[in-house]
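**Student:** Listed below are the residues making up each chain.
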Amino acid sequence: MTSEKILVVKDLVVEFKTDRGTIKAVNGVNFDVFKGKTLGVVGESGSGKSVTALAIMGLIPNPPGRVASGQIHFNGKSLVNIEPAEMRKIRGNKIAMIFQEPMTSLNPVFTIGNQIEEVIELHQPHLSNVERRAKAVDMLRLVGIPSPEKRVAEYPHQLSGGMRQRVMIAIALSCEPDILIADEPTTALDVTIQAQILELMKKLQKELGMGIILITHDLGVVAETCDSVAVMYCGQIVESADVKTLFNHPQHPYTKGLMNSIPSFDSTSGHKKERLQTIEGMVPSLFDLPVGCNFQDRCSSVTEKCRGSQGEPTLMPAKGEGHTVACFNPLS
Amino acid sequence: MSEYLLEVKNLCKTFPIKGGLFGREVGAVNAVNNVSFKIKKGETLGLVGESGCGKTTLGRSILRLIEPTSGEILFNGKNIVNYSAAEMRAVRRKMQIIFQDPYASLNPRMTIGDILAEPMEIHGLHSEKTARRNRLLELLNQVQLPADALNKYPHEFSGGQRQRICIARALAVEPEFIVCDEPVSALDVSVQAQVVNLLMDLQKDLGLTFLFIAHDLKVVEYISNRVAVMYLGNMVEVAESSELYGHSKHPYTKALFSAIPHASTEGRAGRIILEGDIPSPMNPPPGCHFNPRCWNATDKCRESFPPLTNQSETHQYRCYNPIN
Chain Y
1 MTSEKILVVK DLVVEFKTDR GTIKAVNGVN FDVFKGKTLG VVGESGSGKS VTALAIMGLI
61 PNPPGRVASG QIHFNGKSLV NIEPAEMRKI RGNKIAMIFQ EPMTSLNPVF TIGNQIEEVI
121 ELHQPHLSNV ERRAKAVDML RLVGIPSPEK RVAEYPHQLS GGMRQRVMIA IALSCEPDIL
181 IADEPTTALD VTIQAQILEL MKKLQKELGM GIILITHDLG VVAETCDSVA VMYCGQIVES
241 ADVKTLFNHP QHPYTKGLMN SIPSFDSTSG HKKERLQTIE GMVPSLFDLP VGCNFQDRCS
301 SVTEKCRGSQ GEPTLMPAKG EGHTVACFNP LS
Chain P
1001 MSEYLLEVKN LCKTFPIKGG LFGREVGAVN AVNNVSFKIK KGETLGLVGE SGCGKTTLGR
1061 SILRLIEPTS GEILFNGKNI VNYSAAEMRA VRRKMQIIFQ DPYASLNPRM TIGDILAEPM
1121 EIHGLHSEKT ARRNRLLELL NQVQLPADAL NKYPHEFSGG QRQRICIARA LAVEPEFIVC
1181 DEPVSALDVS VQAQVVNLLM DLQKDLGLTF LFIAHDLKVV EYISNRVAVM YLGNMVEVAE
1241 SSELYGHSKH PYTKALFSAI PHASTEGRAG RIILEGDIPS PMNPPPGCHF NPRCWNATDK
1301 CRESFPPLTN QSETHQYRCY NPIN
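Sequences listed follow chains Y and P, in order. Following the numbering used here from start to finish, the first sequence increments by one per residue and tops out at 332. Following the numbering used here from start to finish, the second sequence increments by one per residue and tops out at 1324.
Please note that a few of the clues may not be correct.
[Said to hold, decoys possible] 30 Å max Cα-Cα, derived DSS-like pairs, lysine-lysine:
#, chain 1, residue 1, chain 2, residue 2
1, Y, 203, P, 1129
2, P, 1152, Y, 24
3, Y, 150, P, 1018
4, Y, 202, P, 1254
5, Y, 256, P, 1218
6, P, 1009, P, 1038
7, Y, 305, Y, 5
8, Y, 203, P, 1218
9, P, 1204, Y, 256
10, P, 1218, Y, 202
11, P, 1254, P, 1009
12, P, 1078, P, 1041
13, P, 1038, Y, 206
14, P, 1204, Y, 37
15, P, 1218, Y, 244
16, P, 1078, Y, 244
17, Y, 35, Y, 77
18, Y, 17, P, 1152
[Claimed, not checked] Now the in silico label distances, taken between C-beta atoms and shown as ranges:
#, chain 1, residue 1, chain 2, residue 2, range
19, Y, 125, P, 1275, 30 to 40 Å
20, P, 1103, Y, 207, 55 to 65 Å
21, Y, 311, P, 1152, 32 to 42 Å
22, Y, 208, P, 1272, 18 to 28 Å
23, P, 1275, Y, 5, 30 to 40 Å
24, P, 1137, Y, 322, 46 to 56 Å
25, P, 1017, Y, 18, 38 to 48 Å
26, Y, 158, P, 1069, 27 to 37 Å
27, Y, 297, P, 1310, 48 to 58 Å
28, P, 1040, Y, 311, 53 to 63 Å
29, Y, 154, P, 1305, 27 to 37 Å
30, Y, 297, P, 1111, 24 to 34 Å
31, P, 1103, Y, 19, 17 to 27 Å
[Stated by the list, open to error] Here are a few chain Y residues that sit away from chain P, every Cβ distance over 12 Å (derived from the structure):
#, residue
32, 11
33, 47
34, 54
35, 118
36, 131
37, 307
38, 319
These aren't lab readings, by the way, just hints derived from the structure by calculation. We put the CB at the ideal spot given by N, CA and C, even for glycine.
Given the sequences, and given the hints that come with them, work out the whole structure.
**Tutor:** Shown next as structure tokens:
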């Protein structure tokens, strides 16, 4: 059974004007989000993951940034060039987002109850004060905060990092969105708390049937929570596939390199393991991208073709269903 | 002289909690509580735990960047706890530290050359001009940075390169022992692997001894010979790194390992997800500090603090109901 496509992103380009010229932070990104499924977006810092998310939310600061071209369709409705008032009805209501920093994304001078009620008041104005408070308590209970009746009147500083991230999730889910965008939701948390939060998101997805876009740099998190994955590098998707295919048969040298640079535990061989395999060099600056494939200077299987004689590699179907890769010399 | 380069005995660090109008002491946080361990020459001891467990405080106390409240620190067999500031300065030539945040730990107004020369100046090393310059170039070469970096400023470098500069600065005074306080956690994965490899190469070439602090168990397990696990200021388990992964005795260690997401899609059985948060160190639970989150906890665990038990010569743990 194929599930419903709720979000379609097509050829999205986001530009930022700077003193040193215009850069394309996101350059021709395509993906679909399905109801009840999780799409993982992986990449290193500066690869355009967060900018893609902000573009969907209509939160690109303009100026200096703008969606230069491309389309974002949510349930058949275009979100590019939409009226601000219209977008406000969707943002936080139908598409919600949780941010990386639970410490700074809550307002310190309001109780967490106030902050959840604010969202409900905005999007469901017909509810009374009492109903709103009841709903806020329900939301806190849903995300697993103990004694929610008491906690609802507390301030963010009274909660731990994990608890604050739960509150952020409660705020995001309070209007039962169709899509939840989670931008590095567990990066600031300890592993044991990370496991709790990821488990919670999976459980809530099952109950509420929302589509999730999970942005992360941690391939482990992707392997354990996502259905499909898009790997980003310098503003472009270089490989995309369902999670099993990607991890078992990565075809882009960058994807493979990312996987190899994580130390693994299955060292039954006994003592000191071989050196970690690394990707040489650094991510190129967006001001100074090479001609041809952006990954050429760090790639082990680079050829003349990659250096621009044939233009940039584009996403092409690879072996396996739904597997696409942007590489002239994909790994077999 | 003993084979151990560093021996820490019953180290404690208590921070007072001030409160009220006149800042009276109203309580205390036991950030590090009776921690003892030894590190052999040329060895890497990994130190893991969740945020707030006291790993950084412990690392800094060893260098006396934070004054320990009680306990002994034997470096090369000499107790350095009561050393004067001048004596301590001489010892610090042999013990250095690399900090977590390569963006905050380099002075933005100094060139890389000045940054690397400062520790040599303080310790009066290579004071002759050409010798100093040769040493600087040697350092850059050791951390695989180009020679023209000397005249550049920190903002011209990426995170990974800055961390290399911090490593070079620590190496400038030819130390024997380096505390690495989360040296790779601020870096992207591909760069992280480069820095980890660099640290391991340097250790081999220069015979360095590391205390490697991190919350990323995968990196710690990879780089360390032995790993110590801390929880709420106490060392709850220490073992050879291969032993710790496969045969951990303490439920907390087991849970920590099981919480790490694996970058493979083959399902894992028996994942342990701990309930609740790490308790506040201001008010730790009585008995074993881990008992509110532990699935093996018994009445005994709620009443008394478990002593350190020897599993083998290299493997110790604090638990009444260890995992078999």
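**Student:** Now tell me, hint by hint, if it's right for this structure.
**Tutor:** Results for each hint:
1. Y:203 x P:1129: 65 Å, violated
2. P:1152 x Y:24: Cα-Cα ~28 Å, so holds.
3. Y:150 x P:1018: Within the cut-off at roughly 27 Å; holds.
4. Y:202 x P:1254: 23 Å, holds
5. Y:256 x P:1218: Holds, because 18 Å separates the two Cα atoms, which is no more than 30 Å.
6. P:1009 x P:1038: Judged against 30 Å, a Cα distance of about 8 Å means the pair holds.
7. Y:305 x Y:5: 36 Å, violated
8. Y:203 x P:1218: 27 Å, holds
9. P:1204 x Y:256: 28 Å, holds
10. P:1218 x Y:202: 24 Å, holds
11. P:1254 x P:1009: With Cα atoms ~26 Å apart, residue 1254 of chain P and residue 1009 of chain P stay inside 30 Å; holds.
12. P:1078 x P:1041: 15 Å, holds
13. P:1038 x Y:206: 49 Å, violated
14. P:1204 x Y:37: Judged against 30 Å, a Cα distance of about 47 Å means the pair is violated.
15. P:1218 x Y:244: Given that 30 Å is the threshold and the Cα spacing comes to 22 Å, the pair holds.
16. P:1078 x Y:244: Roughly 56 Å separates the two Cα atoms, so the pair is violated.
17. Y:35 x Y:77: 16 Å, holds
18. Y:17 x P:1152: 27 Å, holds
19. Y:125 x P:1275: 30 to 40 Å: 37 Å, holds
20. P:1103 x Y:207: 55 to 65 Å: 41 Å, violated
21. Y:311 x P:1152: 32 to 42 Å: The hinted range 32 to 42 Å holds for residue 311 of chain Y and residue 1152 of chain P, with Cβ atoms some 35 Å apart.
22. Y:208 x P:1272: 18 to 28 Å: Distance hint for residue 208 of chain Y, residue 1272 of chain P holds at roughly 26 Å.
23. P:1275 x Y:5: 30 to 40 Å: 37 Å, holds
24. P:1137 x Y:322: 46 to 56 Å: For residue 1137 of chain P and residue 322 of chain Y the Cβ distance comes to about 52 Å; the hint holds.
25. P:1017 x Y:18: 38 to 48 Å: 47 Å, holds
26. Y:158 x P:1069: 27 to 37 Å: 29 Å, holds
27. Y:297 x P:1310: 48 to 58 Å: Cβ of residue 297 of chain Y to Cβ of residue 1310 of chain P: about 53 Å, so the range 48 to 58 Å holds.
28. P:1040 x Y:311: 53 to 63 Å: Holds, at about 57 Å.
29. Y:154 x P:1305: 27 to 37 Å: Holds, at about 31 Å.
30. Y:297 x P:1111: 24 to 34 Å: Hint holds: Cβ distance 27 Å, inside 24 to 34 Å.
31. P:1103 x Y:19: 17 to 27 Å: Holds: the Cβ-Cβ distance is about 22 Å, inside 17 to 27 Å.
32. 11: 27 Å, holds
33. 47: At roughly 9 Å from the nearest Cβ of chain P, residue 47 of chain Y sits no farther out than 12 Å, so the non-interface label is violated.
34. 54: About 20 Å separates residue 54 of chain Y from the closest Cβ of chain P, which puts it past 12 Å; holds.
35. 118: At about 26 Å from chain P, residue 118 of chain Y clears the 12 Å cut-off, so the statement holds.
36. 131: 30 Å, holds
37. 307: 21 Å, holds
38. 319: At roughly 17 Å from the nearest Cβ of chain P, residue 319 of chain Y sits farther out than 12 Å, so the non-interface label holds.
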